[in-house]
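First to last, the protein sequences are chains A and B. Everything in the first sequence is counted per this note's numbering, starting at 1 for the first residue and increasing by one. Everything in the second sequence is counted per this note's numbering, starting at 1001 for the first residue and increasing by one.
Treat the hints as calculated values from the structure; they're not laboratory data. The structure presented is a predicted model; accordingly, all values stated were derived computationally and were not measured. Built from N, CA and C at the ideal position, the CB exists for glycine as well. Treat the hints with caution; some may be incorrect.
What the hints assert, rightly or not - One-sided excerpt, in silico: chain A residues whose CB lies under 10 Å from chain B: (1) Thr-9; (2) Asn-10; (3) Arg-11; (4) Ile-13; (5) Arg-17; (6) Thr-19; (7) Arg-20; (8) Ala-23; (9) Ser-49; (10) Thr-52; (11) Gly-60; (12) Pro-82; (13) Met-93; (14) Ser-95; (15) Ala-102.
Stated by the list, open to error - Cut-off 20 Å, straight-line C-alpha distance, at most; resulting in silico cross-link-like pairs (EDC-like, lysine to aspartate or glutamate): (16) Lys-67(A) <-> Glu-28(A); (17) Lys-67(A) <-> Asp-1108(B); (18) Lys-30(A) <-> Glu-1064(B); (19) Lys-67(A) <-> Glu-1058(B); (20) Lys-30(A) <-> Asp-1108(B).
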Amino acid sequence: MQIDTTRHTNRLIVHVRETRIDAASAIEFKEQMRSITQSTALPVLLDLSCVTFIDSSGLGAVVAVRKALDPGRLLELAGLTPAVEKVFRLTRMDSVFPILPALPADLPDDLRDAV
Amino acid sequence: MPSEPQDKTTRLTIPSDAHQVRLALCTLFDALATGPLPPDTRDTAQIVLAEALNNIVEHAYGTERGEIEVTLHTSATGLHCQIADFGRPMPGGILPEGRLSLPHLMADLPEGGFGWHLIRSLSQDLRYRYEGGCNRLEFRIESQQSAL
Chain A
1 MQIDTTRHTN
11 RLIVHVRETR
21 IDAASAIEFK
31 EQMRSITQST
41 ALPVLLDLSC
51 VTFIDSSGLG
61 AVVAVRKALD
71 PGRLLELAGL
81 TPAVEKVFRL
91 TRMDSVFPIL
101 PALPADLPDD
111 LRDAV
Chain B
1001 MPSEPQDKTT
1011 RLTIPSDAHQ
1021 VRLALCTLFD
1031 ALATGPLPPD
1041 TRDTAQIVLA
1051 EALNNIVEHA
1061 YGTERGEIEV
1071 TLHTSATGLH
1081 CQIADFGRPM
1091 PGGILPEGRL
1101 SLPHLMADLP
1111 EGGFGWHLIR
1121 SLSQDLRYRY
1131 EGGCNRLEFR
1141 IESQQSAL
């Protein structure tokens, strides 16, 4: 499963580069997210803009990622496509996760790490 | 029901396995992309079908091998789906209620149990019966669901 990250000074953006988070990939997604989020203490923004389909196993995996984080640590979601948005809304997970309408495409330069 | 030119019936046999279910869904819904169903109805149908199939893989067959037979009939008014498997029947012979309960504490959030809630929320005329060693589930997805 391809997941990559962009590290900014105030948050870690995690880009899921797959079209599906489903029963076939939920465990792998959880494991990769665990190791990615353990590498830093930054707030996390999960970019789901490539994901066109999520099922209840995939949703459960996102919930598991949230529960594995320190309760005070922010996990935001962005870039929900229509089918993904529908699953979050019908299960009321849209009231559990802060959801940004779109990925902040142009983060100001001062938010970016000088690499 | 009279058949319109754009009506289409698709039959598919899927081995009971999460990766095979994914493959089947991708094949089915790629093919439906050119059909009469609006995108929102296609999304709804894929969510319901995925939950029904994953449930069979995880609970009806579990670790056993088996096959799932899917018949999809699509038309301008929506989609009718029939699913058959030869795994274990539903406990008590009835479908789970799929009631959603959200706890106040993040730590108590459920990581599963959303499936039947999604199926019941998004489908119409949901029916289940077990006869002759066969689970039969059927449902309809109406095309006018843009409000959901």
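Is the hint on Ala-23(A) kept, meaning its closest Cβ partner in chain B is under 10 Å away? holds, 4 Å
Checking one constraint from the list: CA of Lys-67(A) to CA of Asp-1108(B), max 20 Å. Satisfied? The hint holds at about 9 Å.
Return the status of the interface hint for Thr-19(A): holds when the least beta-carbon distance to chain B is below 10 Å, violated otherwise. holds, 9 Å
Holds or violated: the hint that Ala-102(A) contacts chain B, with Cβ atoms closer than 10 Å. violated, 19 Å
When the least beta-carbon distance from Ser-95(A) to chain B is tested against 10 Å, hint result: holds, 7 Å
Would the hint on Thr-52(A) stand, with a C-beta cut-off of 10 Å toward chain B? Because about 9 Å separates Thr-52(A) from the closest Cβ in chain B, which is inside the 10 Å limit, the hint holds.
If you take the shortest Cβ to Cβ gap from Pro-82(A) to chain B, is it below 10 Å? With Cβ-Cβ at 6 Å, under 10 Å, it holds.
Hinted contact Arg-11(A) with chain B - closest CB pair below 10 Å: violated, 19 Å
Can Met-93(A) be said to touch chain B, with a Cβ gap under 10 Å? holds, 8 Å
Check the hint pairing Lys-30(A) with Glu-1064(B) against an upper bound of 20 Å on the C-alpha distance. violated, 25 Å
Checking hints one by one. Is Arg-17(A) an interface residue toward chain B, by the C-beta closer than 10 Å rule? Since the shortest Cβ distance to chain B is 17 Å, the answer is violated.
For the pair supplied as a hint, Lys-67(A) and Glu-28(A), confirm whether the alpha-carbon distance does not exceed 20 Å. Holds, because 16 Å separates the two Cα atoms, which is no more than 20 Å.
The structure does not agree with the numbered hints 1, 2, 3, 4, 5, 9, 15, 18, 19 stated previously, though it agrees with the rest.
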